[in-house]
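Q: Could you use the hints to bring the two separately framed chains together as a complex?
Each chain is listed here by its residues.
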Amino acid sequence: MALFNHLKNVNILQNKRTAGMTIIPIIIPNRVYIPLTQGKCDTAHPLVKPGDVVRVGQLIADSDTPMGCPIHSSVSGTVSGIVNLMSSSGKNDIHIVIDTDKQQLPTDIHLPQITNRDDFIAATRASGIIGMGGHAGMPLYRKFSFEPGTVKTLIVNGTESESFSTCDHMTMMSYPKEIISCIRLIMDALELNECFIAIEDNKDDAIGLFNKTILENGISNIKVEVLPSVYPQSEDNSLIFSCTGKRMGKDETPADIGVVVINVMAVLKLQQYITMGMPLVSRAITIDGDAIAKPQNVEVPIGMLASDIIESCGGYAKPVKKIIFGGPINGIALPTPEVPTTKTVSTILCFSKEAADMNEETACIRCGRCVNACPMNLMPYELADAYDADDFEFVANHHADMCIECNACSYICPARRQLSFRIKRAKEEVINGR
Amino acid sequence: MEDKKLIISSAPHIVAAKDTTSMMQTTIVALMPSLLWAIYILGFRALIQTVICVFFCIAFEWVTRRILKRKQTVQDMSAVVTGIMLSFVLPVNLPIWMTIIGCFIAIVIVKQLFGGLGCNFANPTAVAGIVLLISFPKEMTTWVITDKMCPAVLATAATGGSTPIDLFTNASNIPTNLQMFFGFVSGPAGELSAFMILIGAFILIIKKVIDPVAPICFIGSVIIISVIAGYDPFFQVCAGGVLLGSVFMASDPVTTPTTYLGKAIFGLGCGVLTMFMRRFATYPDSMLFAILFMNILTPQINVLTRSKVYTGNKTGGKE
Chain A
17 MALFNHLKNV
27 NILQNKRTAG
37 MTIIPIIIPN
47 RVYIPLTQGK
57 CDTAHPLVKP
67 GDVVRVGQLI
77 ADSDTPMGCP
87 IHSSVSGTVS
97 GIVNLMSSSG
107 KNDIHIVIDT
117 DKQQLPTDIH
127 LPQITNRDDF
137 IAATRASGII
147 GMGGHAGMPL
157 YRKFSFEPGT
167 VKTLIVNGTE
177 SESFSTCDHM
187 TMMSYPKEII
197 SCIRLIMDAL
207 ELNECFIAIE
217 DNKDDAIGLF
227 NKTILENGIS
237 NIKVEVLPSV
247 YPQSEDNSLI
257 FSCTGKRMGK
267 DETPADIGVV
277 VINVMAVLKL
287 QQYITMGMPL
297 VSRAITIDGD
307 AIAKPQNVEV
317 PIGMLASDII
327 ESCGGYAKPV
337 KKIIFGGPIN
347 GIALPTPEVP
357 TTKTVSTILC
367 FSKEAADMNE
377 ETACIRCGRC
387 VNACPMNLMP
397 YELADAYDAD
407 DFEFVANHHA
417 DMCIECNACS
427 YICPARRQLS
437 FRIKRAKEEV
447 INGR
Chain B
16 MEDKKLIISS
26 APHIVAAKDT
36 TSMMQTTIVA
46 LMPSLLWAIY
56 ILGFRALIQT
66 VICVFFCIAF
76 EWVTRRILKR
86 KQTVQDMSAV
96 VTGIMLSFVL
106 PVNLPIWMTI
116 IGCFIAIVIV
126 KQLFGGLGCN
136 FANPTAVAGI
146 VLLISFPKEM
156 TTWVITDKMC
166 PAVLATAATG
176 GSTPIDLFTN
186 ASNIPTNLQM
196 FFGFVSGPAG
206 ELSAFMILIG
216 AFILIIKKVI
226 DPVAPICFIG
236 SVIIISVIAG
246 YDPFFQVCAG
256 GVLLGSVFMA
266 SDPVTTPTTY
276 LGKAIFGLGC
286 GVLTMFMRRF
296 ATYPDSMLFA
306 ILFMNILTPQ
316 INVLTRSKVY
326 TGNKTGGKE
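Residue numbers (our numbering), protein chains in the order written: chain A, 17 to 450; chain B, 16 to 334.
Pulled out of the complex, with its shape left as it was, chain B reads as follows (with noise of 0.2 Å):
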């Protein structure tokens, strides 16, 4: 009888419970807060943007891999991810076609063509986000203002709005630092509210999904570099997209270092490129173009901080 042979396979026999799916899920869940302070913030418009790209998303990651004749990996909850991401680094009113090319750019491109999930060269959303930033300068950086926010960013509603780091690299008024850890700023709907990004690495971290090492070396190094060039640094970690790309893009597994140290040199790297780029460059939001970089040198990162066997004293045989 078929059902009484006995199934025959290599150890382990039992594996933990965490798996990318349960991960990806309770990534979700950590970034509903955020989510949520968008659209009370921003307006409803921040949820329809939000649900246009998840769906852009697991559509372009359906039919690519039905194209490609794989199988589907929609399950795995990773394009509804992306999805939510790309959505919090793009301008709340950009028109709908051009957030359609950004989900095409960080599926299709970075993801599925590179070979899905695992094998992606750089974090998607990063590379979207940069590619719209630059072919479409204009929309991506009108921002939405609405009557909820503080006063210093109200007075820019004449000028096509302006995120606390573009007040910051004006020299104009800048929100109070309790406005900035609360939120009450414009900007993408995920670089708004240091507090709820904040809800969200907590539960991520508790949930033992992401190492907390190189979010913390990400945030630490801008803090240490702000204060070495007298800048407040609270309102640099609470402006543009340090939290965001701190908490969410410098802990994504597949973009990151393995090694604990190669994860801090990665947090490190981030934000000495943020902090350089945001004195000297152009773009006054650096985090996406410090988030690719660090991401093209993970793999060199990982080839130097490979962890060392230890083979003995003598040198008998292989070494």
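So that you can see chain A by itself, here it is in the shape it has in the complex (with noise of 0.2 Å):
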């Protein structure tokens, strides 16, 4: 099934270089500063103010709106102000303080009792888990939050088909156990009847230790589905379609063709919560490109800035020219290194001048390569195009809001142009009804 069934994709530098190395824990900063706005969720409101001392896995902020998503303490220490910083989507969002008195002290721990759907449920909400595996961030109470009995599948991603991140690879190679228990807990939970771990062919470790681990327990239902190590195989569409066949339409998310999708990261962190206790405070992230001096995994808490983390994993090798949260081919360039992590950010890139150098466009030579790039099959050369000649009529005509702004087409493109922004600007328009 998954053999042929592929949507159109590019083949790209792997630059796996951190593959192999153990997620190590970071030392905990002077001062982190934890994001109120995170991923898809609503602002949290604080529930502390400047002067209350906190413990790590403490509740700090929530919202009651139905993108809610409780924030909890990464650090213990004292909250020393909120502040509006700038936060890697640019824009200046709240930020709680916190000076660490780098300890670690943990808050009591509550075990949450689930008996039932609805008590699974919320206790997903309490571990305040969002989307870990890309920048959408959506929280996963609101993935298990469909109507019950329209979702029988479950797809566990464990692609990270982007370049340098090899955090998901690494999480799969140390917990196989942890992961799959989740797993069949939450299918019981959740009344699924089939669940796929998606694993891109170039992670034969991870395979071959997740098939061992699901043969010696016995089960049936769990299956290791191998994709082809090729980009954007992690992202939504790809993955559902290879698979199982299913495409999802135009307004449509995973739960309505009858499949929920979670990364392999996440799974891990529910797992911890609810053996534990223990909200999510922390990620592993990789740590790489040509400017770092050792690239790494590391488990850094929630808030950490960029700077610190850089600092703490043996700083810089060369002028550093460009630092991305994500991928190459996804991230966010940041305006300085001072912007915190969030519970989304799973790769902190820093290229050097030479790395950071991008060429000029050149004009478009009708090659076609974006046409064989794009997994939604638009032809993006027409939409950036058509966006530059101001014609609306053809961009919404022709689908630009289906553009899931997975840049392959600018990847792929000889002559340097930037298809992939083109074609952001013209789909907000065509959804914002220009």
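Everything labelled a hint here was simulated from the structure, so no lab data went into it.
Computed from a prediction, not measured in an experiment: that's the story for all the values here.
Backbone N, C-alpha and C fix where the C-beta goes; we use that ideal spot for every residue, glycine too.
Hints should not be assumed to be uniformly reliable.
[Claimed, not checked] Straight-line distance between alpha carbons at most 20 Å, and here's what the computed EDC-like set of lysine to aspartate or glutamate pairs gives:
1) B/Lys20 to A/Asp373
2) A/Lys56 to A/Asp78
3) B/Lys33 to A/Glu370
[To be verified] Here are some chain A residues the structure puts well away from chain B; computed CB gaps all over 10 Å:
4) Val26
5) Asp78
6) Val99
7) Asp109
8) Pro192
9) Asp217
10) Lys266
11) Asp267
12) Gly330
13) Pro353
14) Thr378
15) His414
16) Asn423
A: Encoded structure:
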């Protein structure tokens, strides 16, 4: 089934230099800045004030709106302020600043009591987990809140198709039993029939390890689905199509076609909350790039500044010209290193001038490589030209709003045209009705 | 400090290695085997012809962009490719002033006046070749005969020289398939040796510079039509400009469709037109006309073969 069904894609340089590097805990910094707007969640309201003493795992912000998600302190220490700071989205957002006491004292633990589906969803909400694989960051409990019976398939996303990222891979290598036991829990609580653990074929060790664990436990409804190492395999549309052959239509979510997709690290964090009571307070990230002295995988507390992380990891090897949150194809370039990490940041890349220099745009030669790269079957060069010509009709009629913003078209373009940038702007115009 | 500022640009932050200039460079390398064979068979004049074409193509591009006050683009080497291709479709002994007119038409009229690289409506070489053919029919059909060529072609030395396709049209003795394959024949420099063109095709496909779809459909349709019509398919493919046209012109990204289905239609159309014109039309070597005709149809082919976007079963919203 998954062997022949793949959406269009591109082959990228993998750069998995940190594969095989086990995740090591980072040295706790002097101060963290915990953002109150993370991913797609509504902005949370602070529940603490300057001067309060907080512990690791303590609830410090929440929101009772439908897309609200609780935020917990990732360190123990004293709240020193609630400030506006530039976040990775480029906007000034509210952050809770905590001066750490470096002791990481945990808050009182209450293990969640789960007897039925509603308990499970409430526990997922209380864990504070949001999507950990990309920039979107949808709260996990919202993904689980579908109409009972409408979703029967779970896909656990261990593909990690972006360059440089290996944190999901190493998470899978370190915690196979925990991940599988949590998958069974999720499937029981939500009454799901089958689960695909999607892993790209460049991670042979993880595939072997998971197959072995599944076999040892005699599980029949969880399968490892080996997918080709192409980009954008880890994106929802490509992932669901490769595993199940189904496609999402316009404005549809995975739940509308009977599938729920979770990142493998989110599964692990949920398992840790349910068995140990500690909500999401830290996550593994890969730090890499040619300007970093020691590329590695580290477990960082939420809200640690990128500059602190880089310093703790050994600093720069060369003068840095570009710092990116996320992978090189879909990541966000930062204006300064003093930006806090959030629950969704999976990679920090530091590029020197040589790696950061991008070529100028030249003329489109109509080669069609962008057409062969687009997973949504769009014609990127036509949409980009129509956007330049202010042709709103064309852009709307040719489905610019179906663009998933994967940037594969810009990646493959020999003329170095910024196709995805133009299509994203065109998409905004179509959605907002211009 | 200026230097400490970080670069903020939109994703993607890395791009694939292949760019336009490297594609042009690989194309130039792929054209070299044919050039070397032409020098061997036709003599040193073939090299001089190519050098003249390349020089004037670069010069015209530079001057035109200077006059139009646009950014210089000669460094992307597309003018070099056009120059070599033009020398491959002209007779080696063509008077130099006619060659220069050909360069002018290809670079200034077909390419630069329409906007430069990526904007030409048809293959510059095809248009230039056709204009010269119609304007100077005698000089454009006079071929150099040397003693390295096969007997069938040597016999035509007295009557101004004939290419294999001329011999076929006149129902004279044609060269053997082996002589055709290696190229012991006369004709334009790029239409001599099937073997050398195939080496070039191999280079282009291995380096992923071209999609083999259009060339394969072009050659394939020529073979099928030859078999149906009772001609020798090997001869039909090696004779005339079928191989040069399919490998280097039907694969030109600018003037051919962007979708795979479109490229297949393009190749098929070229093959059908070439064979039709060979049988029924005046000019025996009709590849240039076929390419031009399909180039003009390309925008419509693009519209017809546009890939379908899946928007779902319910038509809520714009459709």
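Q: Looking back at the hints listed earlier, which ones does the structure fail to meet?
A: 4, 10, 11, 13, 14, 15 and 16
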